[in-house]
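With the hints as your guide, set chain B onto chain A.
The primary structure of each chain is shown beneath.
There are 2 protein chains.
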Amino acid sequence: RYFHFCKLPGRVMGIRLLRFTSMVIIVLLLVAGALTALLPNIKDDKMPNLRREPKTQSQSALDSFTLIMQTYNRTDLLLKLLNHYQAIPHLHKIIVVWNNIGEKTPEEMWNSLGPHPVPVVFKVQTVNRMRNRLQNFPELETKAVLMMDDDTLVSAHDLAFAFSVWQQFPGHIVGFVPRKHISTPSGVYSYGSFELQSPGFGNGDHYSMVLIGAAFFHSGYLEDFQRQPESVYALIDETQNCDDIAMNFLVAKHTGKPSGVFVKPVDIRNLEKDTNSGYSGMWHRAEHLLQRSYCVNKLVNIYDGMPLKYSNIMISQFGFPNYANHKNKM
Amino acid sequence: RYFHFCKLPGRVMGIRLLRFTSMVIIVLLLVAGALTALLPNIKDDKMPNLRREPKTQSQSALDSFTLIMQTYNRTDLLLKLLNHYQAIPHLHKIIVVWNNIGEKTPEEMWNSLGPHPVPVVFKVQTVNRMRNRLQNFPELETKAVLMMDDDTLVSAHDLAFAFSVWQQFPGHIVGFVPRKHISTPSGVYSYGSFELQSPGFGNGDHYSMVLIGAAFFHSGYLEDFQRQPESVYALIDETQNCDDIAMNFLVAKHTGKPSGVFVKPVDIRNLEKDTNSGYSGMWHRAEHLLQRSYCVNKLVNIYDGMPLKYSNIMISQFGFPNYANHKNKM
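Sequence order for the protein chains is A and B. In this text, residue positions in the first sequence follow the working numbering: the first is 1, and each later residue adds one. In this text, residue positions in the second sequence follow the working numbering: the first is 1, and each later residue adds one.
Treat the hints loosely; a few may be bogus.
Derived DEER-like restraints, expressed as beta-carbon distance ranges [as the list claims (entries may be wrong)]:
(1) A:227 - B:116: 54 to 62 Å
(2) B:278 - A:270: 53 to 61 Å
(3) B:187 - A:327: 44 to 52 Å
(4) A:117 - B:240: 53 to 61 Å
(5) B:187 - A:83: 40 to 48 Å
(6) B:160 - A:107: 48 to 56 Å
(7) A:327 - B:285: 19 to 27 Å
(8) B:282 - A:227: 53 to 61 Å
(9) B:33 - A:323: 49 to 57 Å
(10) B:288 - A:323: 17 to 25 Å
(11) B:160 - A:327: 21 to 29 Å
(12) B:203 - A:327: 17 to 25 Å
Dumping the calculated SDA-like pairs for lysine to any residue here, alpha-carbon to alpha-carbon at most 20 Å [to be verified]:
(13) B:180 - A:330
(14) A:257 - B:272
(15) B:273 - B:284
(16) B:309 - A:326
(17) A:104 - A:125
(18) B:309 - A:320
(19) B:80 - B:267
(20) A:309 - B:275
(21) B:327 - A:310
(22) A:180 - B:321
(23) B:327 - A:179
(24) A:327 - B:272
(25) B:264 - A:326
(26) A:309 - B:165
(27) B:80 - B:103
(28) A:93 - A:116
(29) A:264 - A:155
(30) A:180 - B:325
Simulated from the structure, these hints should not be mistaken for lab results. Quick reminder that beta carbons are idealized off the backbone N, C-alpha and C, glycines included.
Excised from the complex, chain A in its bound form (with noise of 0.2 Å):
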């Protein structure tokens, strides 16, 4: 073909050759271009959204989180909680996700009682749906979110712990409640805490998720939350419940590891049975374990796959609060 080529005008000829020459080269160099993005960040984990972070992102927020709580019905344990996660070591912002709907915030009680460590931002809702946290608020300027139900009280020892192991393994679930689920011969899972045994399980025992609340983790995991199929989030509303099992069947799926990293609480307190209102929380309800079992199962389906992977790692704080927690008899 060249040689034809050669006999034609040789202006028209020569651009020609150029022009595929040079496509051929520019087409190999996006190639190598595609392939270099796929050259690690070696100090990450496995991280949700490839987003390259802006070189001013401020330093506080690379090295502090966003508490975001979400309440109903228990706004006197609310207010008692922010007392305290208010001056939580390394805390950026606390985001409070207002579920009562009507019902006016606290806000000018808690602008009238400051000034305080960090700002508040009270969310107010439209419908009270428990997957209303999980919104990817712009409130959010931090890489690690510390998510908490409205009754739980951690230390801030513990707290400041887990932070830390957070840093260790940004891609997981890094918390203080594991809980697991059960393979049967059936096929059919079920969901459960530790008064479950693991078919021909021999040593120790296991755990396959980290419940969001009471937990730190990616707010990239937030983001990658609103690309879910709908089905998540009808299953989520029609139970409301399982938001937390989704986001660990979310974060196995994208890391293709054990989604949770359990961290020993020294300190954790349920504070329910404190409240005025009366009012004790979802899993008081009858079904609510069972209707985590069948979440698992739909979620398997959702997600063509059984994602979750189990751990038996268990973190504690080495030296505290006992000096010699390390200690052996050797």
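Chain B in isolation, oriented as in the chain A frame:
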């Protein structure tokens, strides 16, 4: 230029253009190929020795470990421990580093009491050196090494768990004995266990080394150890001590992270009082700890800086031995 080319005899010019284009394509493909080689194996931590494993390597060599046990003047303990360790799950082979110069190994007796679950190799040494155990033994086929002192008994449960932890942290020394260094205002470092308080460190404790006398680490570090400055070998030979501190410096320098991951042992025992030999181990020497502080400072000179980093992560096995060891009051 292309005008000019097209004026020349068609065949010659065509070949030159074709060659040129081909060479450009080939160069760009090579560049692309080189970039693909930089893509990570997502599973591994930052590994020593980026050598490529031959695809024919047996599965067992990847999922098993080699026990390296150095022994001096405690053959009765050695044989007791060999009976215990020979049956540990995932053990591939045992290498006994025989520091009893001029004395026959118990190989005959060992063979007469066969068969044994795994092969044992007795490596006869010519000089009684502490660092003999840090050779890059050709018999070593596995990625993982378990190094044990010849008076230390760790339960099979602990070893199986710690091995699984090492597989998740393959670039670290994963073991049962944490130690630390202390910075002092004078700039001189001190070595210690947990009778020492880190100045200005309020919350719990931390460690900066995991001793290799009861730990898993990557066999590639033995290869790396052969390439250290001569002064490191001189220091270890001079003190007959500190080979483990030197390994922690090596690993910390290599990873830029804390060298070790501490796994809290459930059942670890020191058998030295049980020996008939009356030999009670190097650490009883009066100068032992002072030597180790001395070594820390010498190594900082040799490596031109302090590479050790602190960690406060303590790992235990979820649900073992106490099935409810993760429960809390909530």
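Each hint tested on the structure:
At roughly 56 Å, the beta-carbon separation of residue 227 (chain A) and residue 116 (chain B) lies within the given 54 to 62 Å, and the hint holds. The beta-carbon spacing between residue 278 (chain B) and residue 270 (chain A), approximately 58 Å, falls within the hinted interval of 53 to 61 Å. Distance hint check: the CB atoms of residue 187 (chain B) and residue 327 (chain A) are about 30 Å apart, inconsistent with the given range 44 to 52 Å. Range check, residue 117 (chain A) to residue 240 (chain B): Cβ separation about 55 Å, and the 53 to 61 Å hint holds.
Range check, residue 187 (chain B) to residue 83 (chain A): about 43 Å between beta-carbon atoms, so the 40 to 48 Å window is met. One distance hint, 48 to 56 Å for the beta-carbon pair residue 160 (chain B) and residue 107 (chain A), holds here, with the actual separation near 54 Å. Evaluation of the 19 to 27 Å hint for residue 327 (chain A) and residue 285 (chain B) yields a pass: the beta carbon distance comes to about 23 Å. At roughly 60 Å, the beta carbons of residue 282 (chain B) and residue 227 (chain A) sit within the given window of 53 to 61 Å.
At about 55 Å, the CB distance of residue 33 (chain B) to residue 323 (chain A) agrees with the hint of 49 to 57 Å. Separated by about 23 Å at the C-beta atoms, residue 288 (chain B) and residue 323 (chain A) satisfy the suggested range of 17 to 25 Å. The given range of 21 to 29 Å is respected by residue 160 (chain B) and residue 327 (chain A), whose C-beta atoms sit roughly 23 Å from each other. Checked against the hint of 17 to 25 Å, the C-beta distance between residue 203 (chain B) and residue 327 (chain A) comes to roughly 18 Å, which is consistent with it.
Proximity of residue 180 (chain B) to residue 330 (chain A) is assessed by CA-CA distance (about 18 Å); at most 20 Å being required, the pair is judged to hold. Only pairs whose Cα atoms come within 20 Å are accepted, and residue 257 (chain A) paired with residue 272 (chain B) is rejected, the gap being roughly 41 Å. Annotation: proposed proximity of residue 273 (chain B) to residue 284 (chain B) holds, straight-line Cα distance about 12 Å (limit 20 Å). Among the hinted pairs, residue 309 (chain B) with residue 326 (chain A) is consistent with the structure: their alpha-carbon atoms are about 19 Å apart, no more than 20 Å.
A hinted pair counts as satisfied when its Cα atoms are at most 20 Å apart, and residue 104 (chain A) with residue 125 (chain A) qualifies at roughly 11 Å. The straight-line distance between the Cα atoms of residue 309 (chain B) and residue 320 (chain A) is roughly 19 Å, inside the 20 Å bound, and the hint therefore holds. The straight-line distance between the Cα atoms of residue 80 (chain B) and residue 267 (chain B) is roughly 17 Å, inside the 20 Å bound, and the hint therefore holds. The straight-line distance between the Cα atoms of residue 309 (chain A) and residue 275 (chain B) is roughly 45 Å, outside the 20 Å bound, and the hint therefore fails.
Pair hint residue 327 (chain B) plus residue 310 (chain A) holds up; C-alpha atoms about 18 Å apart against a cutoff of 20 Å. Under the criterion of a C-alpha separation no larger than 20 Å, the hint pairing residue 180 (chain A) with residue 321 (chain B) is consistent with the structure, at around 18 Å. Under the criterion of a C-alpha separation no larger than 20 Å, the hint pairing residue 327 (chain B) with residue 179 (chain A) is consistent with the structure, at around 11 Å. With a CA separation close to 19 Å, the supplied pair residue 327 (chain A) and residue 272 (chain B) stays within the 20 Å bound.
A threshold of 20 Å between alpha carbons decides the hint, and for residue 264 (chain B) with residue 326 (chain A) the separation of about 6 Å falls inside it, so the pair holds. Taking the CA atoms of residue 309 (chain A) and residue 165 (chain B), the gap is near 15 Å; set against the 20 Å cutoff, the hint holds. For a cut-off of 20 Å, the pair hint linking residue 80 (chain B) to residue 103 (chain B) stands: about 19 Å separates their Cα positions. For a cut-off of 20 Å, the pair hint linking residue 93 (chain A) to residue 116 (chain A) stands: about 11 Å separates their Cα positions.
Restraint check: the Cα-Cα separation between residue 264 (chain A) and residue 155 (chain A) comes to about 12 Å, which is no more than 20 Å; the hinted pair holds. Of the pairs offered as hints, the one joining residue 180 (chain A) and residue 325 (chain B) holds, with about 15 Å between alpha carbons and a cut-off of 20 Å not exceeded.
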